[in-house]
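> Chains as they are written, first to last, in my numbering: chain Y, 1 to 344; chain B, 1 to 344; chain D, 1 to 344; chain F, 1 to 344.
Honestly, I wouldn't trust all of these hints.
Identical copies go unnamed one by one, so any copy, or any two together, can satisfy a pair.
Calculated pairs, DSS-like style, for lysine-lysine (alpha carbon to alpha carbon, straight line, at most 25 angstroms) [as the list claims (entries may be wrong)]:
| id | residue 1 | residue 2 |
| --- | --- | --- |
| 1 | 63 | 111 |
| 2 | 30 | 111 |
| 3 | 63 | 82 |
| 4 | 104 | 276 |
| 5 | 104 | 63 |
| 6 | 63 | 276 |
| 7 | 40 | 104 |
| 8 | 276 | 111 |
| 9 | 40 | 111 |
| 10 | 82 | 30 |
| 11 | 276 | 30 |
| 12 | 40 | 276 |
| 13 | 104 | 30 |
| 14 | 276 | 82 |
| 15 | 40 | 63 |
| 16 | 30 | 40 |
| 17 | 63 | 30 |
| 18 | 111 | 82 |
What the hints contain is simulated information worked out from the structure, not anything from laboratory work.
Quick caveat: nothing in here was measured; it's all calculated off a predicted structure.
There are 4 protein chains.
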Amino acid sequence: MISVGIVGGTGYTGVELLRLLVSHPDVDLKMVTSRSEAGKSVAEMFPNLRGFTDVCFSEPDAKTLGACDVVFFATPNGTAMKLVPELLEQGTRVIDLAADFRLKDSAEWEKWYGMPHACENILAEAVYGLPEINREAVRSARVVANPGCYPTAVGLGFLPLIENGLVDDQHLIADAKSGVSGAGRGASVATLLCEASESFKPYAVDGHRHLPEIRQTLGVAAGHAVGLTFVPHLVPMIRGIEASLYAAVLNKTGVDLQALYENRYRDEPFVDVLPKGTMPETRSVRGANLCRISVFQPQAGDTVVVSSVIDNLVKGAAGQAIQNMNIMFNLEETAGLNRPALLP
Amino acid sequence: MISVGIVGGTGYTGVELLRLLVSHPDVDLKMVTSRSEAGKSVAEMFPNLRGFTDVCFSEPDAKTLGACDVVFFATPNGTAMKLVPELLEQGTRVIDLAADFRLKDSAEWEKWYGMPHACENILAEAVYGLPEINREAVRSARVVANPGCYPTAVGLGFLPLIENGLVDDQHLIADAKSGVSGAGRGASVATLLCEASESFKPYAVDGHRHLPEIRQTLGVAAGHAVGLTFVPHLVPMIRGIEASLYAAVLNKTGVDLQALYENRYRDEPFVDVLPKGTMPETRSVRGANLCRISVFQPQAGDTVVVSSVIDNLVKGAAGQAIQNMNIMFNLEETAGLNRPALLP
Amino acid sequence: MISVGIVGGTGYTGVELLRLLVSHPDVDLKMVTSRSEAGKSVAEMFPNLRGFTDVCFSEPDAKTLGACDVVFFATPNGTAMKLVPELLEQGTRVIDLAADFRLKDSAEWEKWYGMPHACENILAEAVYGLPEINREAVRSARVVANPGCYPTAVGLGFLPLIENGLVDDQHLIADAKSGVSGAGRGASVATLLCEASESFKPYAVDGHRHLPEIRQTLGVAAGHAVGLTFVPHLVPMIRGIEASLYAAVLNKTGVDLQALYENRYRDEPFVDVLPKGTMPETRSVRGANLCRISVFQPQAGDTVVVSSVIDNLVKGAAGQAIQNMNIMFNLEETAGLNRPALLP
Amino acid sequence: MISVGIVGGTGYTGVELLRLLVSHPDVDLKMVTSRSEAGKSVAEMFPNLRGFTDVCFSEPDAKTLGACDVVFFATPNGTAMKLVPELLEQGTRVIDLAADFRLKDSAEWEKWYGMPHACENILAEAVYGLPEINREAVRSARVVANPGCYPTAVGLGFLPLIENGLVDDQHLIADAKSGVSGAGRGASVATLLCEASESFKPYAVDGHRHLPEIRQTLGVAAGHAVGLTFVPHLVPMIRGIEASLYAAVLNKTGVDLQALYENRYRDEPFVDVLPKGTMPETRSVRGANLCRISVFQPQAGDTVVVSSVIDNLVKGAAGQAIQNMNIMFNLEETAGLNRPALLP
């Protein structure tokens with residue numbers, strides 16, 4: 001059994017981690033910390049967990065956390081980086097669901113996140129936890145930077161094209177749409193039901209924090225910097241991301257895009273390339289650790305269109321974090337994650 | 001392993017049965033029949049099942065179904081009663097998720113369902129599959145009539161009061177609200193997103209088919225006929241039923257209603273009486289085989305208010321059917337059903 | 001032209017007042033105050049108003065407000081009562097959309113609203129602005145207490161029965177359901193889309209502030225105190241209230257309930273009794289100043305069921321306030337309010 | 001007063017036409033036809049119209065329709081073209097909300113709509129009713145082809161760029177999203193609440209019927225054929241379209257895109273260019289005849305991003321049709337259309 005701690009379990013990635021971990025066959029959930037809710041039963045805050053765990057929120061404390069095999073951070077950006085060095089010293093491995101360790105370039109990080117980085121020295125060793133590109137590195141990582149939700153959907157959607165140099169990677173377009181849970185569980189006017197339901201809008205057109213993260217992933221795959229326009233939108237639903245990706249095919253002849261995608265992801269347990277002509281929908285992955293992808297070349301033109309869907313809280317956050325944990329501890333990669341989506 | 005067949009797997013109770021059965025540790029899913037979709041892959045129709053089953057819809061056929069240990073009927077009313085006798089002859093046990101075997105009085109059945117009953121002789125032996133009242137009978141039943149969704153929520157909510165004769169059972173009121181999946185997956189204008197979302201309405205005020213079923217359950221518990229006003233409403237959401245129940249307390253003194261409910265359901269794995277003062281919400285049981293109940297006596301008056309929530313597709317249909325199967329085959333009653341609800 | 005001021009225009013009743021007033025043929029909108037947003041353009045906060053008004057939020061100031069013919073308060077409870085005396089001195093008439101002047105009994109008010117009342121002396125003259133019972137008093141009122149949303153739906157639904165002594169008025173039951181906009185535009189976790197959508201729940205079962213208000217209205221109609229159990233519920237939609245009302249008919253013979261309701265409301269421009277057998281739905285009044293009502297006696301039993309729907313922001317708040325203004329200033333009662341609901 | 005007839009008033013564009021026309025100061029609604037609903041009161045089918053019209057559905061009949069000044073067709077594609085010649089003979093003018101007269105090239109029309117065209121000779125004179133490009137032609141038109149919903153949002157969004165030759169018009173990308181009402185009021189599984197809510201998906205990636213229509217509009221503006229990738233998506237809401245448009249700027253220096261858009265639409269009553277840095281949301285135009293547009297050049301790169309929103313049933317259908325009628329009959333262009341959107 002792996003002993004697990006969670007720092008900051010009061011948000012949506014926190015409760016999703018808990019939902020998945022309480023059914024995980026190899027996990028012993030030791031503690032869930034929350035400064036604001038210390039003493040309160042986790043199941044009182046999240047009634048779906050009544051009967052599944054008796055854990056109460058506790059004060060975060062590096063020493064007791066350090067007794068865990070692995071600690072998940074489901075905290076706001078900037079929290080994990082302050083505690084991680086102390087945990088590593090105690091031999092505890094870390095999976096950060098926030099952004100602290102996602103960007104290799106600390107100057108870039110500071111520009112987008114608006115604060116100095118507290119442990120730049122760890123950035124180099126931290127592994128970007130997208131198993132589909134970094135599985136072997138994850139296996140032995142002490143610190144895993146769990147990818148952002150948009151970067152997971154956009155990255156997995158573009159990778160086969162970029163890795164093979166098939167498209168103009170200086171003018172990539174990612175039109176992404178997310179359910180409201182991506183904005184978190186904090187009280188805010190913009191995400192009230194009365195503001196966000198029955199409406200659709202773009203946001204952060206001028207620049208979203210996930211832009212440099214996607215660029216980094218695709219840049220590594222391309223072997224050089226890529227050009228990307230990334231426009232996120234807010235969808236009136238709770239869970240789900242769909243990313244429609246557009247790129248100009250460099251050479252129209254010869255490449256079977258369907259086969260390319262199927263081959264790239266044939267052995268991936270959590271990426272499902274749909275049959276030719278089929279389009280994905282976010283509900284087909286609701287609650288499941290899965291990315292479903294379709295690839296099109298409309299009217300046989302020179303623009304390739306990829307549609308990629310995930311549940312932002314699962315493959316885009318908590319599920320992928322558990323997938324990383326499974327890899328780190330040599331468990332079945334699918335342990336605790338092998339359930340169908342909830343449909344309808 | 002129990003070999004299982006499903007007749008009529010193209011509706012919402014069908015796909016929910018499939019979602020739960022493909023993860024059930026003791027089930028071998030042999031066949032899913034559908035006249036209209038025969039030959040089509042189940043996973044093609046329900047993309048959440050891709051990767052979880054290779055079964056294709058087949059033509060319903062009593063002989064091959066008869067090779068299963070148990071057959072679930074997820075069919076329109078009036079279908080099961082035509083096939084069940086033949087299955088029973090082959091030793092196959094049956095769980096009917098439709099209404100064919102729910103009412104003991106065939107005249108009453110014919111009045112509400114508008115057709116003659118095809119096998120009245122089986123009505124007497126059929127067991128009404130609400131485990132909380134009929135667990136022992138279910139264990140040996142050949143035919144289980146799986147309860148309706150409203151009758152499950154209303155029945156479990158009223159039972160402790162009725163069984164103990166604590167309220168005026170001639171003037172019970174059940175104000176029930178259901179998500180739209182209760183209306184099924186058939187194409188109809190009334191359940192289009194544009195008709196049913198962003199709106200709320202009562203329906204069938206003059207008489208809903210679940211009225212006689214609830215009356216029968218409560219009548220058995222009371223030992224005499226009860227009087228009930230039952231008003232269902234349509235809620236703009238996919239899953240969930242909440243029933244607010246009202247009754248006049250016969251004697252205000254002395255009974256601790258909270259303790260009454262907690263004691264009644266203490267040993268029930270799928271009924272959760274909430275702590276005093278807490279109110280249930282349907283999302284706390286989304287996707288889970290669970291009924292959550294609260295009991296109140298507002299302003300210490302003589303009206304008792306009970307709120308009972310279920311997922312209409314799980315404890316109100318497919319989940320309860322699997323719970324019955326578990327009981328019938330001496331499996332752990334919670335096998336395949338012990339997962340937290342999906343929240344948010 | 002009536003010169004109009006609004007105090008506190010940043011919430012949902014505020015923006016709804018603005019939406020209706022900018023199209024009102026007899027209104028000159030002079031000012032909208034908001035301490036927190038002073039200086040900001042109203043249309044910047046509420047983009048639906050771009051092109052319809054140039055007004056900016058201003059600091060509330062009794063003197064400039066006093067230059068208006070009428071001032072609407074769309075403020076939290078407890079605000080209007082502090083400014084009203086000063087406005088009345090200047091000859092300005094007041095319509096309070098909050099609760100400050102709704103209860104005649106100041107002790108009761110203080111119990112439910114948790115603060116001392118600042119101008120008890122005005123309570124006696126304030127007119128409870130439900131035109132269907134107080135039209136003549138509204139005409140000459142200096143202060144109109146605009147009814148709460150639930151009290152409007154429940155009150156209009158019960159009145160014909162209570163006024164005619166046809167039911168047991170000691171055991172009335174009102175099972176009411178509201179869209180989320182009833183909870184206001186303040187940032188809060190409970191009304192986030194991810195908390196309130198795809199779910200349904202009761203709340204405030206132990207006692208909601210609208211309970212004494214409904215009791216007061218029905219008590220006046222009955223000529224004595226009534227007994228009422230009132231259970232509100234939260235519906236996953238933006239606008240709309242449906243109240244299902246239950247009462248025991250005292251004498252089953254003789255009364256034609258349909259005719260009773262039709263006669264009671266025949267001359268009311270904003271109450272629509274539906275044809276016998278038809279059920280209302282909240283979307284049929286979305287955005288409209290209208291209460292639609294149906295009355296039933298299921299299975300010809302002794303329980304009468306009434307279903308009453310309104311848009312909580314219109315007939316339950318801003319629309320009714322304008323209806324009151326129209327009456328107070330001898331305008332056409334329907335001026336600015338005579339548009340069909342938005343459907344779908 | 002203009003005497004008006006509607007053919008086919010049982011769908012969503014039909015009820016929206018009715019909602020707007022019953023409040024139009026210059027319109028006398030003569031008849032609404034529907035073969036299937038003949039004899040039924042319009043207000044019985046659409047309860048929001050109760051009290052606003054007494055019209056009943058009647059059998060379509062060219063002679064009585066010919067007595068109207070103008071006839072709107074809110075019918076499936078292929079219906080108007082069969083009746084229009086007979087109406088024109090009687091001097092009746094026609095506004096077709098379906099696609100029969102939108103494409104100038106009948107071969108193209110037949111390819112996309114799968115049937116022969118019944119009156120090709122009228123195609124040449126029919127005016128494509130996007131007032132922002134064809135106002136003068138609409139004024140004297142006998143037949144107006146009311147634009148499709150996507151073509152309105154995408155066309156208005158791209159026009160300023162295309163008319164001025166500022167972008168690579170061979171690789172335009174339109175990523176469009178629509179509420180479910182765009183799919184109409186016909187019973188179908190795909191648009192059930194339980195299928196379409198809480199989910200997001202692309203559809204018709206291989207080619208949507210609005211593609212040739214958009215190409216035609218942009219081609220005329222460019223003076224040559226354009227290249228366009230158009231991907232529509234389904235949003236879990238009732239009303240609203242958002243189109244995110246992407247194009248490569250040919251010359252990055254010098255053009256002030258914000259000023260370009262503001263100047264282009266300065267005199268348009270129903271196009272609102274938002275202030276720089278502001279993003280549109282569909283709810284800001286819900287129920288209103290308005291297109292709101294923002295233009296961006298993220299990270300000062302060479303990709304321009306335009307976001308354009310409309311209510312698909314209003315500026316995308318019924319409202320634009322009335323705008324065209326107003327122009328055709330020399331009424332105020334804004335008559336009957338000048339109301340704020342319903343928000344929240």
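> Name the hints, by number, that the structure is in violation of.
1, 2, 4, 5, 6, 7, 9, 11, 13, 14
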